[in-house]
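Student: Sequence:
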Amino acid sequence: TLVNYEIIASPQVEAFLDNDYPSTICQGTQDFVPLVAQVSGVDASPVSWSTNGSGILTPTGPLTAEYLPSLTEFGVITFTVTTNDPANPNPCGPASDDVTLTIDETASATITAPAAVCTNAFPINLSVIVGGTGVTGGTWSSQSGSPASFGDATSLTTTYTPSANEITAGTVTIRFTTN
3 TLVNYEIIAS PQVEAFLDND YPSTICQGTQ DFVPLVAQVS GVDASPVSWS TNGSGILTPT
63 GPLTAEYLPS LTEFGVITFT VTTNDPANPN PCGPASDDVT LTIDETASAT ITAPAAVCTN
123 AFPINLSVIV GGTGVTGGTW SSQSGSPASF GDATSLTTTY TPSANEITAG TVTIRFTTN
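According to our numbering, the residues represented by the sequence shown are 3 to 181, in order.
It is possible that some hints are incorrect.
[What the hints assert, rightly or not] Restraint ranges, calculated between C-beta atoms of paired labels, are given here:
(1) L158 - L73: 42 to 48 Å
(2) T175 - Q40: 40 to 46 Å
(3) T159 - L73: 55 to 61 Å
(4) C120 - I58: 48 to 54 Å
(5) P116 - T31: 33 to 39 Å
(6) S157 - D33: 33 to 39 Å
(7) N167 - T135: 36 to 42 Å
Derived from the structure by calculation, the hints contain no laboratory data. Even glycine gets a Cβ: it sits at the ideal position worked out from N, Cα and C.
I would like the entire structure built from these sequences, with the hints used as guidance.
Tutor: Below, the structure written as C-alpha cells:
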C-alpha cells in the first residue's frame, strides 16, 4: 500500500524596524516608523500588522507597514506581524512575531511657588514635580543674571532669596532645568 503525504512548509515570520530605525525615540516625534516583515513558507504573505499603540498603523505593502506615534504616547509599543494562513485550512497555521519600539516620555517640571511675595517674606519656598523618562532632578536658576541665593540649587524643594537687583526690579523669573 502506498500513502502520499503532502508536506507543507510551516510559515515563519520575523518583524523588525526598517533602515536601522532607532529602537528608542522621544515622545512627540512625528516620524513614520517603518516596519518590515521577512517571511518564509508556502504562500505566507501578505501579512497583517497590529499594535498596542495609540498612533496610526498603516499597511504600505504586502510585507511592510508604517506607524505614526500619537503626540501623547510613551512607553513600550509592541507591533505584531502575522502571516496569512497558507493553504487554508493549513495544519501548520499562521506564524507571528513581535518587534518593540520604546518611546521615552518627554521631560517635564511643574514648579510650585508663590506668584507674589513681600520683601519681608524671604526666603521664598520653592518646589518642583518632575516627570519624564529618566528624569530624577535638575537645577534651579534665576533668569535675571544677578547673583541670587538658592538653599540647594539641585534639590526638588529649596528656598530662594532674590538679589538686590531683583528686589529693585520687582520681578524675577526662576527656572528649573531637568537632568
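Student: Hints first: check each against the structure and report whether it holds.
Tutor: Hints, verified against the model:
1. L158 - L73: 42 to 48 Å: Given range 42 to 48 Å: violated, Cβ gap about 27 Å.
2. T175 - Q40: 40 to 46 Å: At roughly 54 Å between Cβ atoms, Q40 and T175 fall outside 40 to 46 Å, so the hint is violated.
3. T159 - L73: 55 to 61 Å: Hint violated: Cβ distance 31 Å, outside 55 to 61 Å.
4. C120 - I58: 48 to 54 Å: Between C120 and I58, where Cβ atoms are some 53 Å apart, the hint holds.
5. P116 - T31: 33 to 39 Å: For P116 and T31 the Cβ distance comes to about 37 Å; the hint holds.
6. S157 - D33: 33 to 39 Å: Given range 33 to 39 Å: holds, Cβ gap about 37 Å.
7. N167 - T135: 36 to 42 Å: 38 Å, holds
Going through the hint list in order, the structure does not satisfy hints 1, 2 and 3.
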